[in-house]
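**Q** Going line by line, the protein sequences match chains A and B.
Under the working numbering, think of the first position of the first sequence as 1, with each following residue one higher.
Under the working numbering, think of the first position of the second sequence as 1, with each following residue one higher.
These are calculated hints, taken from the structure and not from any lab test.
A hint or two may mislead.
Said to hold, decoys possible - For each label pair, taking beta carbons as the anchor points, the in silico distance ranges come out as:
| id | chain 1 | residue 1 | chain 2 | residue 2 | range |
| --- | --- | --- | --- | --- | --- |
| 1 | A | V166 | B | D83 | 47 to 57 Å |
| 2 | B | E81 | A | D425 | 51 to 61 Å |
| 3 | B | S3 | A | A185 | 16 to 26 Å |
| 4 | B | S2 | A | E215 | 46 to 56 Å |
| 5 | A | G259 | B | P71 | 22 to 32 Å |
| 6 | A | Q136 | B | E81 | 31 to 41 Å |
| 7 | A | Q136 | B | V42 | 56 to 66 Å |
| 8 | B | K75 | A | E70 | 52 to 62 Å |
| 9 | A | Q138 | B | S2 | 32 to 42 Å |
| 10 | A | D422 | B | V42 | 43 to 53 Å |
| 11 | A | A419 | B | E87 | 21 to 31 Å |
Stated by the list, open to error - With a Cα cut of at most 20 Å, we get these calculated SDA-like pairs of lysine to any residue:
| id | chain 1 | residue 1 | chain 2 | residue 2 |
| --- | --- | --- | --- | --- |
| 12 | B | K37 | A | P429 |
| 13 | A | K131 | B | M1 |
| 14 | A | K131 | B | K37 |
| 15 | A | K470 | B | D41 |
| 16 | B | K63 | A | T241 |
| 17 | A | K470 | B | Y61 |
| 18 | A | K435 | A | A454 |
Keep in mind that this is a model prediction, so the values were computed, not measured.
From the three backbone atoms N, C-alpha and C, an ideal C-beta is built for every residue, glycine too.
Spelled out from the first residue to the last, the chains are:
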Amino acid sequence: MSVIAKDYNGFIAVLKRDCATCRLIEPAILELTRATQLQVHSQDDPSFPESVADVIDERELELSYRLDIEVVPTLIRVHDGKEAARLTGWQRDEWRQLTNLPALGANLPEFSPGCGSKSVEPGMPERLAFKFGETQLQARRVEVASQQDKYEQMYERGWSDGLPVVPPTEQRVLKMLAGTTRSPAEIIGVVPPDNVPCTIEKVAINAVMAGCKPEYLPVVLAAVEAACLDEFCMHGVLATTYFSGPIVIVNGPIAEKIGMNWGHNVLGQGNRANSTIGRALQLVIRNVGGGRPGGVDRATLGQPGKVGFCFAERERDSYWESLAVERGFSVDESTATLFAGGGVHPSGDQKSRRPESLTRSLALTLRTVRHGKIYGATDALLVVSPENMRVFRDAGWSKARFRHALDAALTVEGHDVIAGADGVDEGMPAHLAQKRLSKFRPGGLLIVHAGGGAGMWSAVITGWAGSGPKGSVPVTVAIKS
Amino acid sequence: MSSLLDPTSELQPVRRDALPRPRSLSDKRVALLDISKPRGDVFLDHLEARLGEMGVDSRRYSKPTFTRVAPVDLKHQIVSECDVVIEALAD
């Protein structure tokens with residue numbers, strides 16, 4: 001929508017009294033009104049400039065919003081209703097050239113910088129976008145009386161995971177949506193368990209509540225898209241009595257760009273992006289999908305990562321190719337991988353300095369995933385710390401070689417793990433007694449490098465009991481801007 | 001007054017109460033649904049035998065996998081063929 005009449009030929013000046021340069025150039029503005037066709041728009045005071053008649057009240061800032069005014073003074077030359085040229089701040093020679101008035105501002109200095117437009121003050125672009133923009137938010141409005149506490153209201157409505165959530169006001173949601181170029185109305189997936197088509201706007205609302213910054217939104221969107229893929233089987237991951245929840249592993253340049261943590265305490269608290277991206281995904285599942293503990297979420301015990309679990313791989317000084325590269329993406333691509341994971345189990349070996357020893361040592365912990373006598377049924381995510389990776393780097397072991405050695409260390413004789421063996425009724429079916437069994441199905445062990453520089457710890461994160469094509473398989477999607 | 005954007009699906013489903021439990025199984029056909037979890041079949045074997053002793057007609061069904069909701073076709077088949085469902089969750 002144009003704010004300039006189609007047949008207008010002349011100039012538009014946008015000023016504000018609060019700007020020293022705008023006040024300085026008042027004589028030049030007056031000269032222009034006499035010598036040319038000029039509209040003067042004042043952003044903060046329609047009585048300014050006093051010497052100029054018919055100043056247009058621009059306090060609503062619609063023209064400033066529609067013409068993308070960032071600086072005052074701005075002078076725009078208009079030809080047949082269309083912008084032909086623009087100057088910002090006071091540059092005497094350029095103003096003279098644009099207006100064809102060689103003596104314009106004869107008593108003014110050659111140059112004086114402008115000030116910020118009122119339309120770009122903090123929070124204003126979002127308010128103006130909502131007021132004048134074509135983007136209209138579709139979500140239902142929930143009114144909260146002035147005497148009511150918004151935070152308590154949100155708890156009472158069941159919108160929270162138990163922790164306080166940020167009130168999703170129109171202004172905040174619009175600001176969040178500025179984090180993506182995608183349309184708020186785009187449906188990015190059908191969210192289980194209620195199988196509800198989910199718009200980007202709904203994701204943005206929940207991202208606000210989780211505490212995300214707008215620049216995190218593309219990662220949240222990718223995580224939601226991944227969770228809605230049939231092969232991830234979010235419905236089952238949620239409905240199970242097991243411990244699982246979606247874990248988001250971020251690869252690629254976006255991790256550094258948005259300030260994610262891949263170092264100290266990488267699986268813990270303290271980093272805003274890590275903490276809020278995973279939480280936003282879980283809030284989408286809770287609020288849009290209707291998945292709530294005690295409802296479709298039937299976890300017997302659950303685990304604290306179900307509030308949200310997201311971290312980045314430590315790629316910069318890694319000796320191995322990243323998880324995303326292993327899964328077919330390039331190092332320049334940003335991706336989100338979803339893994340249906342349970343809790344974190346430490347693997348602490350303080351003595352192994354040989355790759356052969358450390359591999360077998362890590363295998364000891366990996367064998368306990370889900371249960372020490374269940375093989376081939378439950379995936380795992382192995383987080384190798386820098387100090388552990390150093391052992392493989394010093395020995396020149398590639399990731400492929402490590403995987404090969406690990407597979408061997410994770411293969412056992414069936415008779416050792418069949419039901420009843422070792423006095424334990426749980427275990428593999430008796431007909432597998434003469435087979436050699438692998439702990440993980442092909443593709444069922446993810447390996448990433450992350451953590452602080454000191455500490456000979458690695459971590460094993462158990463997958464869902466229902467891992468594999470009939471249940472959940474890890475999925476990786478590209479993060480779009 | 002302030003205004004918040006609703007983060008939910010905005011579905012306001014009309015609550016649908018479950019049908020009353022039948023007082024008797026006479027003249028009713030019972031669906032025995034195995035969700036494909038271990039030992040669900042053992043439980044249903046016993047139920048099938050007991051129902052047979054009571055003279056109650058029953059039919060066996062199973063979901064392809066416990067991880068997903070039952071396919072629409074299976075649900076339709078059960079509704080078409082039976083009056084009552086007993087599901088073995090096996091957990």
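**Q** Against this structure, judge whether each hint is valid.
**A** Against the structure, the hints come out as follows:
1. Between V166/A and D83/B the Cβ separation comes to about 50 Å, which falls inside the hinted range of 47 to 57 Å.
2. For E81/B and D425/A, the Cβ-Cβ distance of about 37 Å falls outside the hinted range of 51 to 61 Å, so the restraint is violated.
3. Look at S3/B against A185/A: about 20 Å separates their beta carbons, and that is inside 16 to 26 Å.
4. Look at S2/B against E215/A: about 26 Å separates their beta carbons, and that is not inside 46 to 56 Å.
5. Under the hint 22 to 32 Å, the C-beta atoms of G259/A and P71/B, about 44 Å apart, miss the expected range.
6. Between Q136/A and E81/B the CB atoms are about 49 Å apart, so this pair departs from the stated range of 31 to 41 Å.
7. Take Q136/A and V42/B: their Cβ atoms lie about 58 Å apart, and the range 56 to 66 Å holds.
8. For the hinted restraint 52 to 62 Å between K75/B and E70/A, the CB-CB distance of approximately 59 Å keeps it satisfied.
9. For the hinted restraint 32 to 42 Å between Q138/A and S2/B, the CB-CB distance of approximately 19 Å leaves it violated.
10. At roughly 24 Å, the beta carbons of D422/A and V42/B sit outside the given window of 43 to 53 Å.
11. Separation of A419/A from E87/B is about 25 Å and conforms to the stated range, judged on CB atoms against 21 to 31 Å.
12. Our distance criterion of 20 Å between C-alpha atoms is met by K37/B and P429/A, whose separation comes to about 14 Å.
13. Straight-line distance between C-alpha atoms of K131/A and M1/B comes to about 19 Å, which keeps the hinted pair within the 20 Å bound.
14. Restraint check for K131/A and K37/B: not satisfied, since their Cα atoms lie roughly 55 Å apart, outside the 20 Å limit.
15. Proximity of K470/A to D41/B is assessed by CA-CA distance (about 19 Å); at most 20 Å being required, the pair is judged to hold.
16. Straight-line distance between C-alpha atoms of K63/B and T241/A comes to about 18 Å, which keeps the hinted pair within the 20 Å bound.
17. With a C-alpha separation of about 18 Å, the suggested pair K470/A and Y61/B falls inside the 20 Å cut-off, and the hint holds.
18. As the CA atoms of K435/A and A454/A are separated by approximately 41 Å, the hinted pair breaks the 20 Å bound.
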